[in-house]
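Chemist: Take the given structure of chain R and dock chain L with the ligands to it, following the hints.
What follows is the residue order along each chain.
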Amino acid sequence: MSSITLGRYTPRDTFIHRLDPRIKILSLILLMVAIFISYSTWEMTFIIGGILLVFIFLLAAISKTSFKSLFKSLRAMWFLIIFLLLINILVKPRNAVNIAFSIGSLDIYWESIFQSLKIILRLFLMITLTMILTTSTKPLDLTYALEWFMKPLKLIRFPTHEVAMTISIALRFIPTLLIEVERIMKAQTSRGVDFKHGKISSRFKAIISLIVPLFISSFQRAEELADSMEARGYNPKAKRTTYHKLHFAWNDLFALLLCTIFMAATIVFSAMDFTIKTPLFVPWLIIGICGVLFYLFGIGAENARRHKK
Amino acid sequence: MKLKFNHVDFYYGDKAPNLFEALNDIDCEIKEKSFTCIVGHTGCGKSTFIQQLNGLLIPTKGSVFAGDFVVSSNKKERTKKLRPLRQKVGIVFQFSEYQLFENSVEEDVAFGPTNFGVKKEDALKLAHENLLKVGIDESFFKKSPFELSGGERRRVAIAGIMAMQPEVIVLDEPTVGLDPRGVKEMMTLFKELHDNGTTIIVVTHDMNLVYGYATDVIVMDHGKIVYQGTPNELFDKSVDEYSLETPLMTHLIQELKQKGYKFDLQQIKSLDDIVDVIAKQKGGAKNE
Ligand SMILES: Nc1ncnc2c1ncn2[C@@H]1O[C@H](COP(=O)(O)OP(=O)(O)OP(=O)(O)O)[C@@H](O)[C@H]1O
Ligand SMILES: [Mg+2]
Chain R
0 MSSITLGRYT PRDTFIHRLD PRIKILSLIL LMVAIFISYS TWEMTFIIGG
50 ILLVFIFLLA AISKTSFKSL FKSLRAMWFL IIFLLLINIL VKPRNAVNIA
100 FSIGSLDIYW ESIFQSLKII LRLFLMITLT MILTTSTKPL DLTYALEWFM
150 KPLKLIRFPT HEVAMTISIA LRFIPTLLIE VERIMKAQTS RGVDFKHGKI
200 SSRFKAIISL IVPLFISSFQ RAEELADSME ARGYNPKAKR TTYHKLHFAW
250 NDLFALLLCT IFMAATIVFS AMDFTIKTPL FVPWLIIGIC GVLFYLFGIG
300 AENARRHKK
Chain L
0 MKLKFNHVDF YYGDKAPNLF EALNDIDCEI KEKSFTCIVG HTGCGKSTFI
50 QQLNGLLIPT KGSVFAGDFV VSSNKKERTK KLRPLRQKVG IVFQFSEYQL
100 FENSVEEDVA FGPTNFGVKK EDALKLAHEN LLKVGIDESF FKKSPFELSG
150 GERRRVAIAG IMAMQPEVIV LDEPTVGLDP RGVKEMMTLF KELHDNGTTI
200 IVVTHDMNLV YGYATDVIVM DHGKIVYQGT PNELFDKSVD EYSLETPLMT
250 HLIQELKQKG YKFDLQQIKS LDDIVDVIAK QKGGAKNE
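Chains as they are written, first to last, in numbering that gives the first Met the number 0: chain R, 0 to 308; chain L, 0 to 287.
Chain L extracted, bound-state conformation:
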């Protein structure tokens, strides 16, 4: 599903003292089946941006096109029923751990699919599948969601969106507060979903994740898009311009380049890749 923003402005509040211009002339396209990361400083409008994607917020000016759906400031052009769009574009919110309410974990995950007309048994089946994917095993299925830890609840919330089988999954800072292994597990999961053809959009502050997983990156500042392109280009030259953190990998590669090694940035996503390259260029055997 292609997502396209056509000169979108969004204001919070409607009168002068409360009016706040949260998005300013957003004009961009998020490619189908891409893994797009959205970065930018706190309060720059990332969460506002993603809420335009499934019609939770309606643009004040301009339109958003999501597949066949049109979310436009103009009532006449807007798609009448936006609910089906919410099945196609699933959003996992910041602090998603606070949205659970059912008696058991499995029922909570099944809640989304049943809302979109999946039969109860099928929904439970979907719930089980997706809970296992996010690393919640059978022993948790019948537990109350309120007995889980924060990180576990987050995983359940993510499973709740995945169970709706959306074409686009949007995650707002999904890895905040997880331990390093949890972060890796989650990101690997999103990568798997991406490999299976789902468009993934992740809002994050962690440039290392952007480096390791994203195919596209959008940098926002004060409600505007200031950069859109590939992570490699971004980290190669213009990081300082947007006062973003440089990923550790970029640092490492730059140091190694000075020592005379050569890298094809397209190929290098993790530490293992670097080790491979070094091993190759030293003429030694392949890394063990």
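Just chain R, same shape as in the assembly:
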């Protein structure tokens, strides 16, 4: 059960929880760009990858995202990881020259291994970032943020409010559906269904016994919701205000700035073809890391101060 609820919002009071959801989405995009920038040498790829990993883990620590669930997500990817390794080993990369070892007549190149590691690292970073976002932001706030980002689309008569409403309702009902799934599974388990073991045919039947009641009750619920919204005079065209107004604050600016610097730095490193041997690369890198650490300690201190209050 808990594997489905990975990345579910957990109410806490941390710096990242308090950030404006719009800023969080923007920062996510910026950091994603940073993750996906490629470099000319493997060393650079893994140095920057490592720095990003440490940075994102620090973010996870600040937002109190459970590391256990992060690694659970990695465990859920094991199939993908093996698949990637196989593909990369069987399909020889273009500039592969360094043979790591050979199995029989099959040569395995360092490049293949690095390539797979790179993809896995990127995926893991991406998932971690998204999980930090979803565990630290209320789903409803996310939809408000999305609605805000879609505002320009109103000019071309895109139904932004309706789309945002639909998304927020869908998000709202995920936990409800999970509870429903659990309830129906328990009821069918009591009738002798075995969801975990058994032959393919009986497993199929087990799934049917779960899906059918789930669909029926979902449709029923959707209908009831629509009726009750109509009964209360819901009008999608009406202009509406929200209970919580989103507003930017200083900490939002800081967070955005930090992420922008991160992205800019990676772009610069990539475009100017920096390598470890480039003069002044190491000093600049150290200064940058110190700056980031300083900033993160600042956040920690602020958290502690707020806690005391």
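Treat the hints with care, since some could be wrong.
Dumping the calculated EDC-like pairs for lysine to aspartate or glutamate here, alpha-carbon to alpha-carbon at most 20 angstroms [unchecked claim]:
id : chain 1 : residue 1 : chain 2 : residue 2
1  : R       : K185      : L       : E101
2  : R       : K67       : L       : D13
3  : L       : K87       : R       : D193
4  : R       : K236      : R       : E161
5  : R       : K91       : R       : D106
6  : R       : K204      : L       : E120
Okay, the calculated bits of chain R under chain L, using three or more residues with CB under 8 angstroms as the criterion [stated by the list, open to error]:
id : stretch
7  : 176-185
8  : 188-194
To be clear, the hints were calculated from the coordinates, so they are not data collected in a lab.
Predicted, not measured: the structure shown is a model, and the values here were computed from it.
Even for Gly, the Cβ is constructed at its ideal location relative to N, Cα and C.
Modeler: The following block gives chain L with the ligands in isolation, referenced to the frame of chain R:
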């Protein structure tokens, strides 16, 4: 089948903000062939309690013994295969009307028995028998369960558990939303099952049902068992202590006692019994 709880704790969630102590040191025994009612306020843990009985929920601490089965927090002591236990202890859940899925009513009822290895024809036979028992007649057998009313679906769901021929039947608020006659029919059915040797456990909020049918009663509050004993003792003195409703019958008997009538509480289960007693004590002929 004897059911025994040995210092059972159960927590929902595993970490601090989500952790919830739903059961707290439950230590009790439910007698074989008893008709036990479980009462208590909303959210006190009744549904959580009954799910321990067939291993749907595993205790966080302590163990539950059901016949030869052991459902323990300790993996080593726990019975490996819990599926056979689910045939022995059948649970009809709250909102059981939403668990039907087959194409026809009879197939849905036969689903349970076939899962436990009964042959298709025998399962259908069992289904027919039990559907008739719960008051669903032949004309419904081939219908889709989704064409039935809520109350009819509930009956089908109950038949679905009965068809598994369990030794213990647990029902979570089975009479909610039924009309008064339906309630009476259902309770009479459970009483019949009880008379035929099945252990019946019913979760309910209706004290009148507890008064009329239960041989034992368990009162829960905030995840603890605060009372276990017979309904008569409970209603005689300590109802107010647990802020439960007093059954209408108890009210009536107390009023009549003040008027000088004497009652043997063991004998009185329904209005008819009271009329008998009054008639007898007035020295008149037996009640017509
Ligand atoms: N899946 C769950 N996760 C977390 N907490 C839960 C879960 N299920 C129940 N609880 C909590 O455990 C407590 C006991 O719930 P339970 O369903 O056993 O109550 P109940 O006595 O059956 O109530 P009712 O009379 O309303 O059916 C409740 O406070 C509830 O909030
Ligand atoms: Mg309940």
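Chemist: All the hints need checking, so say for each whether the structure fits it.
Modeler: So, going through the hints one by one against the coordinates:
no.	hint	in the structure
1	R/K185 - L/E101	holds, 17 angstroms
2	R/K67 - L/D13	holds, 12 angstroms
3	L/K87 - R/D193	holds, 16 angstroms
4	R/K236 - R/E161	holds, 9 angstroms
5	R/K91 - R/D106	holds, 9 angstroms
6	R/K204 - L/E120	holds, 18 angstroms
7	176-185	holds (count 3)
8	188-194	holds (count 6)
Consistency note: the structure conflicts with none of the earlier hints.
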